[in-house]
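If you read the protein sequences in the order shown, they are chains A and B. Heads up: the first sequence begins at 17 in this note's numbering, then just goes up one per residue. Heads up: the second sequence begins at 17 in this note's numbering, then just goes up one per residue.
Honestly, the hints are just simulated from the structure, not real lab data. Since we're looking at a predicted model, the values are computed, not measured. Some hints here could point you the wrong way.
[To be verified] List time: in silico DSS-like cross-link candidates among lysine-lysine, alpha-carbon distance up to 30 Å: (1) A:K63 with B:K293; (2) B:K293 with A:K149; (3) A:K149 with B:K149; (4) B:K373 with B:K96; (5) A:K23 with B:K348; (6) A:K23 with B:K167; (7) B:K149 with B:K293; (8) B:K149 with B:K167; (9) B:K23 with A:K96; (10) A:K63 with A:K316; (11) B:K23 with A:K23; (12) B:K23 with A:K223.
[As the list claims (entries may be wrong)] Stretch by stretch, here's where chain B covers chain A in the computed footprint (C-beta under 8 Å, at least three residues): (13) 113 to 123; (14) 174 to 183.
We treat Cβ as the ideally placed atom computed from N, Cα and C, and that holds for glycine.
2 protein chains.
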Amino acid sequence: MNITTEKMRFWSPEVRELKPYVPGEQPKIQNLLKLNTNENPYPPSPKVVEAVQAILADSADVLRLYPDPDATLLKQAIAKQQNVAVSNIFVGNGSDEVLAHIFKAFFVQQQPILYADITYSFYPVYSQFFGVKTQEIPLNDHFEIIVEDYKQPNGGIIITNPNAPTSIALGLSAIEEVLQANPNSVVVIDEAYVDFGAESAVDLVGKYENLVVCQTTSKSRSLAGLRVGFAIAQPHLIAALEAVKNSFNSYPMDRFAIAAAVASFEDQTYFEAQCQKVIASRETLVANLEELGFTVLPSKANFIFASLPSKNVGELAAQLREQGIIVRYFNKPRINQFLRITVGTDEQNQRLVDTLKNTILA
Amino acid sequence: MNITTEKMRFWSPEVRELKPYVPGEQPKIQNLLKLNTNENPYPPSPKVVEAVQAILADSADVLRLYPDPDATLLKQAIAKQQNVAVSNIFVGNGSDEVLAHIFKAFFVQQQPILYADITYSFYPVYSQFFGVKTQEIPLNDHFEIIVEDYKQPNGGIIITNPNAPTSIALGLSAIEEVLQANPNSVVVIDEAYVDFGAESAVDLVGKYENLVVCQTTSKSRSLAGLRVGFAIAQPHLIAALEAVKNSFNSYPMDRFAIAAAVASFEDQTYFEAQCQKVIASRETLVANLEELGFTVLPSKANFIFASLPSKNVGELAAQLREQGIIVRYFNKPRINQFLRITVGTDEQNQRLVDTLKNTILA
Numbered sequence: 017m018n019i020t021t022e023k024m025r026f027w028s029p030e031v032r033e034l035k036p037y038v039p040g041e042q043p044k045i046q047n048l049l050k051l052n053t054n055e056n057p058y059p060p061s062p063k064v065v066e067a068v069q070a071i072l073a074d075s076a077d078v079l080r081l082y083p084d085p086d087a088t089l090l091k092q093a094i095a096k097q098q099n100v101a102v103s104n105i106f107v108g109n110g111s112d113e114v115l116a117h118i119f120k121a122f123f124v125q126q127q128p129i130l131y132a133d134i135t136y137s138f139y140p141v142y143s144q145f146f147g148v149k150t151q152e153i154p155l156n157d158h159f160e161i162i163v164e165d166y167k168q169p170n171g172g173i174i175i176t177n178p179n180a181p182t183s184i185a186l187g188l189s190a191i192e193e194v195l196q197a198n199p200n201s202v203v204v205i206d207e208a209y210v211d212f213g214a215e216s217a218v219d220l221v222g223k224y225e226n227l228v229v230c231q232t233t234s235k236s237r238s239l240a241g242l243r244v245g246f247a248i249a250q251p252h253l254i255a256a257l258e259a260v261k262n263s264f265n266s267y268p269m270d271r272f273a274i275a276a277a278v279a280s281f282e283d284q285t286y287f288e289a290q291c292q293k294v295i296a297s298r299e300t301l302v303a304n305l306e307e308l309g310f311t312v313l314p315s316k317a318n319f320i321f322a323s324l325p326s327k328n329v330g331e332l333a334a335q336l337r338e339q340g341i342i343v344r345y346f347n348k349p350r351i352n353q354f355l356r357i358t359v360g361t362d363e364q365n366q367r368l369v370d371t372l373k374n375t376i377l378a
Numbered sequence: 017m018n019i020t021t022e023k024m025r026f027w028s029p030e031v032r033e034l035k036p037y038v039p040g041e042q043p044k045i046q047n048l049l050k051l052n053t054n055e056n057p058y059p060p061s062p063k064v065v066e067a068v069q070a071i072l073a074d075s076a077d078v079l080r081l082y083p084d085p086d087a088t089l090l091k092q093a094i095a096k097q098q099n100v101a102v103s104n105i106f107v108g109n110g111s112d113e114v115l116a117h118i119f120k121a122f123f124v125q126q127q128p129i130l131y132a133d134i135t136y137s138f139y140p141v142y143s144q145f146f147g148v149k150t151q152e153i154p155l156n157d158h159f160e161i162i163v164e165d166y167k168q169p170n171g172g173i174i175i176t177n178p179n180a181p182t183s184i185a186l187g188l189s190a191i192e193e194v195l196q197a198n199p200n201s202v203v204v205i206d207e208a209y210v211d212f213g214a215e216s217a218v219d220l221v222g223k224y225e226n227l228v229v230c231q232t233t234s235k236s237r238s239l240a241g242l243r244v245g246f247a248i249a250q251p252h253l254i255a256a257l258e259a260v261k262n263s264f265n266s267y268p269m270d271r272f273a274i275a276a277a278v279a280s281f282e283d284q285t286y287f288e289a290q291c292q293k294v295i296a297s298r299e300t301l302v303a304n305l306e307e308l309g310f311t312v313l314p315s316k317a318n319f320i321f322a323s324l325p326s327k328n329v330g331e332l333a334a335q336l337r338e339q340g341i342i343v344r345y346f347n348k349p350r351i352n353q354f355l356r357i358t359v360g361t362d363e364q365n366q367r368l369v370d371t372l373k374n375t376i377l378a
């Protein structure tokens, strides 16, 4: 909206300069094939439904009461599934909130934090919001992280693994090298997509006092609609996150979010089966797109990053949209010849491939 | 927890100084009479249950999708109930988050913000968190706000109305006087408890370009477990809140919170009946406590602020606790001879009165 200078006087001066994050579109259109925001194509565990039903018992009377501000049951469920202690867990209203708290808790330093030039586009937004200095580190020409670049003075490091929107994973030995080279900096590994085939750094938490691992239930647990994210780290880092959280909002997790996420973490069998289905569908999708001439980066995520050298993919995205299929196109340097495509069910992926083959590229 | 200086080096320097908010206790004890966090004694509207049931249909498949980042349906429901436009509404994860965004959006100024010395104890916490300068303005000896004190240079004003923990309401003419005296400052009226008998400033929003009214569903709508708060203001102020929100967390409202809150706002009849019941119970409770020798401040909230001149009320609170009744005691200057007691059902209030009369004060 257009706000007059006169009315802008009410805004905090620093807020007038903010450039907020723009999330992937959530169109309110029926029968759309939505492959633009990396949602899981399968419903959450059936145990989630049971857990929410339990809250509704007795006229949902329990809703009149505040939730547990510490979400202890949820921390316990995550700790058990991740094989760490409850004192290693921090939870928040989606991993976006957890990341916001991470930036405030650790990254407001004299030195700039380091992150890749092509990565989650919320990082510069958080940085501006909290006054964090930043330095972007270019990925190489294959969109890979070069560990040597992360051996310079810094106020912290954040690495998305697998990276987004590129889908490429970094191995644990490379992550250990970054951790060891930066003993006085907090190194955050943002693992939003880790469950689709990459190696998690959670097992390194006991070994490195400077490591924070961040995960979400939005992708691999089919709970994007619920807003539950978490961080895993040693207790002296969790304490900083709790201090920040309790200076911002004491009760960020509502009763439904806590109960539903607990149920999801308690159903490991369902979780693993769903991840395997997505991985299998991804491999089929990649093969089919390569057959159509696409170049697809090696993905360990529930999305792929694909280019079609002969075409303007921005136009391609617009043509797909006309056919009721939405994918994500970033009109940014270095990646404006790529589309980020969420892996759907085999049927959904086939619709995408068929539409490309029979209509758009025919 | 005790963190060594050596491990503190990982924290952002400013975070090491934070003094987080301490919420009212949420004990996990059965059969406790919990009159300490101003929760409503009645369940939410039955329509809330139906709305959540609808999300669970089809294996809760919709949970795999992100919620509407703008929570448009919720804004529409609030706008209709409050008789304002959708463009006047901002929503957040509880009014605590809404208030946090308000502090960042408007109060990071050269001049200090003004608030009462006795009021919601989260205000100084937000201020420290965002680097907001503050000046506390003493209430008078009757715990009332003196409007003249809010006519000095400032970077913003926040008034809780009715005030907490004092329960005393400020009239709209006094609020208009504050608004008119401060045409270049944002004046926030925090109306968490307004539905229990005070006058809301929402009707003034059209008239004052510097007014923000903040409300919550936690008290009068029995949805503390859900975390839904909102602000009402002219669009140029809402835009600042949206810029802040979208620099922090794009999707703060989960699907359950949106749907359940919408259902609550659509059931005005239930809402009004519940508020009237709480008000009636409050008046009975006040009369019964006065009979026992308590002095009770004139309450327009769902809690009362009461002292017993002959007793140390801190000890009284401990004795009540031994009897399974929790009330809130603030060991702070000026109010350490008062207890904040949430209004329960008539039966619950009677248990409190009987316990005082027959056991503690017998």
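Going through the hints against the structure:
{"no.": "1", "hint": "A:K63 with B:K293", "verdict": "violated (37 Å)"}
{"no.": "2", "hint": "B:K293 with A:K149", "verdict": "violated (54 Å)"}
{"no.": "3", "hint": "A:K149 with B:K149", "verdict": "holds (23 Å)"}
{"no.": "4", "hint": "B:K373 with B:K96", "verdict": "violated (46 Å)"}
{"no.": "5", "hint": "A:K23 with B:K348", "verdict": "violated (39 Å)"}
{"no.": "6", "hint": "A:K23 with B:K167", "verdict": "holds (21 Å)"}
{"no.": "7", "hint": "B:K149 with B:K293", "verdict": "violated (41 Å)"}
{"no.": "8", "hint": "B:K149 with B:K167", "verdict": "holds (17 Å)"}
{"no.": "9", "hint": "B:K23 with A:K96", "verdict": "holds (26 Å)"}
{"no.": "10", "hint": "A:K63 with A:K316", "verdict": "holds (27 Å)"}
{"no.": "11", "hint": "B:K23 with A:K23", "verdict": "violated (45 Å)"}
{"no.": "12", "hint": "B:K23 with A:K223", "verdict": "holds (14 Å)"}
{"no.": "13", "hint": "113 to 123", "verdict": "holds (count 6)"}
{"no.": "14", "hint": "174 to 183", "verdict": "violated (count 0)"}
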